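Keeping their order, the protein sequence lines are chains X and P.
Heads up, the first sequence is in numbering that gives the first Met the number 0, so the first residue is 0 and it goes up one at a time.
Heads up, the second sequence is in numbering that gives the first Met the number 0, so the first residue is 0 and it goes up one at a time.
These aren't lab readings, by the way, just hints derived from the structure by calculation.
None of the values given here were measured: they were computed from a predicted structure.
Don't be surprised by glycine CBs; every beta carbon is placed ideally from N, CA and C.
Some hints could be false.
Keeping only pairs whose Cα atoms sit at most 20 Å apart, straight-line, the calculated DMTMM-like set for lysine to aspartate or glutamate is [as the list claims (entries may be wrong)]:
1. P:K11 <-> P:E33
2. P:K74 <-> X:E38
3. P:K56 <-> X:E38
Partial pick of chain P residues on the chain X-facing surface, computed with a CB cut under 7 Å [to be verified]:
4. Y26
5. D44
6. H52
7. K74
Residues on chain X that point at chain P, a partial pick, calculated with CB under 7 Å [unchecked claim]:
8. E28
9. L29
10. S32
11. R57
12. R63
13. E67
14. V71
15. A327
16. P330
17. E334
18. A338
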Amino acid sequence: MFFDLETAIAAWRRPYEVNPTFSVEDVDELEGSLRDRIEALMEKGLSEKAAFRSAVKRAGSYGRAETEYRKVYWGKVKREHRLKDELIWRLSMLKNYVIIALRTLRKQKGYAFINIAGLVIGLACFMLILLFVQHELSYDQFHEKADRIYRVARHLPGRVFLGSDYYAVTPASLASTLEKEYPEVASATSIKNQRALLGLGKQHVLEEGLLADAHFLDVFTFPLRLGDAKTALIEPNSILLTESLARKIFGDVDPLGRTLLYQNQDIYTVTGIIPDVPGNSSLRFTFIASAHSNADYLRDTAGARWNNNSWHTFFVLTQRRSAAQLQAKMPALVEKYIAQEGDDPATHAQLILQPFQDVHLRSYFNFDIGGRGSITYVYLFAAIGLVILLLACINYTNLAVARSIKRTREVGLRKVVGAGHRQLIGQFLGESVLMTALALVLALGLVHLLLPFFGHLVERPLRLDYAGNGLLLPGLLALVGLVGLLSGSYPAFFMASLRPIEVLTGKTDRRATRFRAQRLLIVGQYAISIALVVGSVVIYRQMQYMQQKELGYDREHIVTVRVQDAALHQHYTSLREEWLRNPQIVAVTSSGSLPTNIDWRQQIRGWAGSSEDDQLPIYRFDTGYDFLEVFGMEVIAGRSFSREVPTDIDEGCLINEATARALGWTLQEAIGKQFIHDNIYERTVIGVVKDFHMHSMHLTIEPLIILLNPDQAGYISAKVRPDNLTETIASLERSMKQFSPYPFEYQFLDEHFDQLYKAELHMGEMFGFFTILALLIASLGLFGLAAYTAQQRTKEISVRKVLGASVVGIVALLSKDFLKLVALAVLIATPLAYVAMQRWLEGFAYRIEIGPGLFVLTGVLVVLIALLTVSYQSIRAALADPVKSLRYE
Amino acid sequence: MLTRELAGASAKSLILSVLAQGESYGYVILQRIEVLSDGALSCDDSTLYPVLHRLKKQGLLASSWRQADNQRRRKYYALTAKGKKALAHEKQQCPRVDTVLAQLWDPQPRLT
C-alpha cells in the first residue's frame, strides 16, 4: 500500500478544521507540532509511515483536545460558517461510506451475493409465515360481538365416530330455548350448511350457503348493504345474497325484492344483500336462506323435538364473563330436554360452550361448520419462521465477518487517521442495515411471487395488502432495522475493535471461541436439515404406501356424480339405461355414500347368542344392485344382492369380514345369520364381503353392513373405459340434462380418495419445501464457515503446498473438519427424527416401517451435499499460488 | 507520566520556567520539559497547547507567528512582564510547599 505523508496529514487535519472549537490558527499550530514530531522521529531513523503513526499517537486524542480547548475557550462564539462546514464534511463522509460500501460489494460480488441471497430467503420465508400466522389469528375478529359469541357443542361419552366423541351439531330448538330461558343469553341462532340450486329463468347456479333463523344477524355482524336487518330472515321463503352472487344472478339490476327459484321448487324473495364474506371467516356462504321455510326446522322447533341433531347453535352473551356461569347450568338443560327416561346419567350428552374466537383454531368436533385451522400448526409455523430468520441472520453475520477480514486494512487505516470508535461502528452498522434493506426489497419481490403458491399450500387466501394491513409497512421497517442491527452488530464491533497495528502488519485474529460458536451453528443447521429430510422421505413413502395399498375395491376410472336434485331418484332407472347405451360405460350403480369414506353409523343387536344389552356399532353403506360391478369389491362367501330376490331389499344385507370377526362367526357360519338393525329392521346375512378400506388409513377397518337401497341415491357412479374420457363424460352429462336442470358435477373416485389425504399431502409438500430451504440455509452457513477457515489457514496451506502436499491432500485436510461436524449432526438428528416420525406414523392404522436404511441414505446424502459446499472453498484454497499468500509476511 | 491534575498545576510553572530562558514554540517547550525531567514528565499536544492558550488569555504569555528561514510558520510564545512576575511568585511559593511536604515525609530536627 502506498503511503503519502501529505495525504495522511491532510486527512488527519480535516476533523479539526471543521470543528468550530479550533480556530484556523489552532489547527495550524497543531499541525506544525505534528510535523515537528514527524521530522524528529524520521531523524531517528523511522520511516515516514511509522513516524506519522507514532507522532499522531503522541499528539493525543482528538476527543481530549476538543475537551481541553473547549475548557479554555468557553464562551467563544461559534462562527456560523463553521456549522455549514461541519455539515458538508459529514455529508461527504456519508458519500464516502456509500461509495466504499458499493465498491466492497462489487469487489466481493460472490460473497456478497451469497450473503444477501441467504438473507433474502430467510426474510421471504419469515414474511410468508408471518402472513399465514397473522391470517389465522385474525379469523372471525370482524364480528362486533366477537368476544361474546359462543357456540354449543355436544360430548357424547363413549359414542365415537371417526375417532372422536365430540359433535358440533345440536337440536334446532336449543337456540330458542337458550334465548328464552337463560338471561345470560342475549340472542341465539341456529344455522346449517346448505347447498342449493338457485335459478332465474333458464339459468341455474349451484351455491354453498346457510340456512339461518331470524336471529342470525343479531349474533353475527354481516352488515346489510340493502334490506332491513330486522326483518330480512323472518319471513319464510326469504333469502339474502352476497354481492357477488347477486351480481352473478341478477347482473346490474337491483335485486332487492326480486324472486328466484330455490332448489328447483320454491319461489324465494331476495330480502337483503350483504358484502362478500371475508377470507378470514369460519362461516363461509354465498347466500343465507331463512330457516323458517325449512321443513325440518319447523318440525323440530314446533314440536320441540330434541333428538334431531343437525343444526349449529351460536349465541351472544349479555355480559362478557358469564360463560362459566352458563356452562354450569347446562347439565340441567340436558336433564330437562334431552335425556331420555331411564338413561344412565353417565352416558348423558354434555353440552359444551366454546368461544367463537376459538372455533377456527381450537375445534375438535365431528360435523363442524368451521374449525379448518389448528393452533398447533400456527405455533409450529411461527416457531419455524423464527428459527429460519434466526439462522439467516446468524449465517449473514458469519459470512459478513469472513468478508470483513479482507477489509481490515481499510479499517486499520481509518483508525490510524483518527476515525473514532463510534464512527467505525456506525459505518459498519449502516452498511449492514443497507444490505438488509436491499435484501428486504428483494425478499418482498420473492414473497409476491411465491404467495399464491404458498397460499394454495396452506389453503388460505393470503394477500399482501399494504393499504389494508396496518401492521405491514411499519412491521417491514422494524424488520429491516432489527435484522440489520442484529446481524451487523457483531461484525461492526469486531471490526471496530481491531488493533490497527496488528491489522496493518498482517496479523489476524484467531480467537477460538468464535470458531466454536460457528461450528455449533453448523451442526445445529445440519441436524435440522437431516431431520427434515427424514421427515419428507417418511411422509412421501407413507403416501406412496397408501396410494398403492390394496383397498379392497377399484379406484380407477369410476365417475361419481353427487345427486343434488331430489327428484332425480325417480328417474334413476331411466338414467341408468341411457348411460349404459354408451358402450364406453361398463356398469352403473347408485349408492348412499362412496366407499372411500362411509360415514353412516348405526348399531345392530339381537344376534343369536347375544344378551339383551349387547350392541355392535357398525357403519352402514347403502347401494344399488350393481355396486360390485362398479366398485369391484369381493364377495368371499354367500352371494351379492340379486334382482330376482325381492326380499333382499328389506331383509337382506351383506357384512364385511370385520363384522363376522366381531361376532365370532366364520365366513360360512355367517351366511343366514340374523340380527336386528337400527332397533327396527330384521336382517339376514346373504353374503360376506372382503374387508375394504372405507375410511382413510388412519382408522382400522370397522364392522360394516351393506344394504340394498336402489331408490335412495346420494351418488350415482359409473365405471367407464379408460379411452376417450372427455367424450364419455360429455355423453354422461347430455343424458343427465334430460332428467335434471342441476349442473352436472362429477368427480373421479380416485380424486375422492386423494381428498382423504389432502391434509397429509399438503403437509408433505410443506415438509419438502422447508427441507430444501433448511438444506439451502445450512449449506450457505457451511459455505461461509469454509470461506472463513480457508482464509485463516492460507498461510498454513501455502506452506504445506511448498513442502509438497498435493491438491487432493489439502482438500481432504480442509474438508475433514467439516465432515466431522456433519457426522455429529447426523448422530444428533437421527434419534430425534426417528421418534418424531414414528409418533406421526402411529396416527395411521396402516403404515410403513422405518428401517435403518433410510437414515444411512439420508446421512450419506447430506454428507455429499456438505462435501460439495466445502469443496469449492477447499479447491480454491488448494489451488492458490503459495507465493502470493506467503509474500505478505 | 504524571496525572493530569498534577501536570496541570505544575505545567504552569514548568512552562513559565522554560520560557524564562527565552521565547519558544510548542514542540520545543515539550522537548525541554522532557529532557529536563529526564523523561519523567511529558504530555501530549492536546494538553500542552490548551495550557499555553490559557496562560496567554491570562496575560502571562504573548504569542506571535514567526517564520524562520527554510522552515514552516510557527507560533512562538514569550513571557510578558506579568508573566515574569508570576514566575517569580511561583518560585517563592514552591519551595515552601516543598519544605512542608519534605517535613511531613521525612521529619528532621530543625532549629526554626
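Going down the list of hints, with the structure as the test:
1. P:K11 <-> P:E33: Between K11 of chain P and E33 of chain P the Cα gap is close to 15 Å, so the pair holds against 20 Å.
2. P:K74 <-> X:E38: With a Cα-Cα distance of about 17 Å, the restraint between K74 of chain P and E38 of chain X holds, given a limit of 20 Å.
3. P:K56 <-> X:E38: 30 Å, violated
4. Y26: Hint holds; Y26 of chain P Cβ to chain X Cβ min 4 Å, cut 7 Å.
5. D44: Since the shortest Cβ distance to chain X is 4 Å, the answer is holds.
6. H52: 5 Å, holds
7. K74: 5 Å, holds
8. E28: Holds - the Cβ of E28 of chain X comes within 7 Å of chain P, reaching about 5 Å at its closest.
9. L29: Since chain P brings a Cβ to about 6 Å from L29 of chain X, closer than 7 Å, the hint holds.
10. S32: Status holds, d = 5 Å.
11. R57: 6 Å, holds
12. R63: Status holds, d = 4 Å.
13. E67: Holds, because the Cβ-Cβ distance from E67 of chain X to chain P comes to roughly 4 Å (cut-off 7 Å).
14. V71: V71 of chain X check passes; min Cβ-Cβ to chain P is 5 Å, inside 7 Å.
15. A327: Interface hint status for A327 of chain X: violated (78 Å vs cutoff 7 Å).
16. P330: 85 Å, violated
17. E334: Given a least distance of 91 Å, the restraint on E334 of chain X is violated.
18. A338: 93 Å, violated
When the structure is compared with the earlier hints, violations turn up for hints 3, 15, 16, 17, 18 and for no others.
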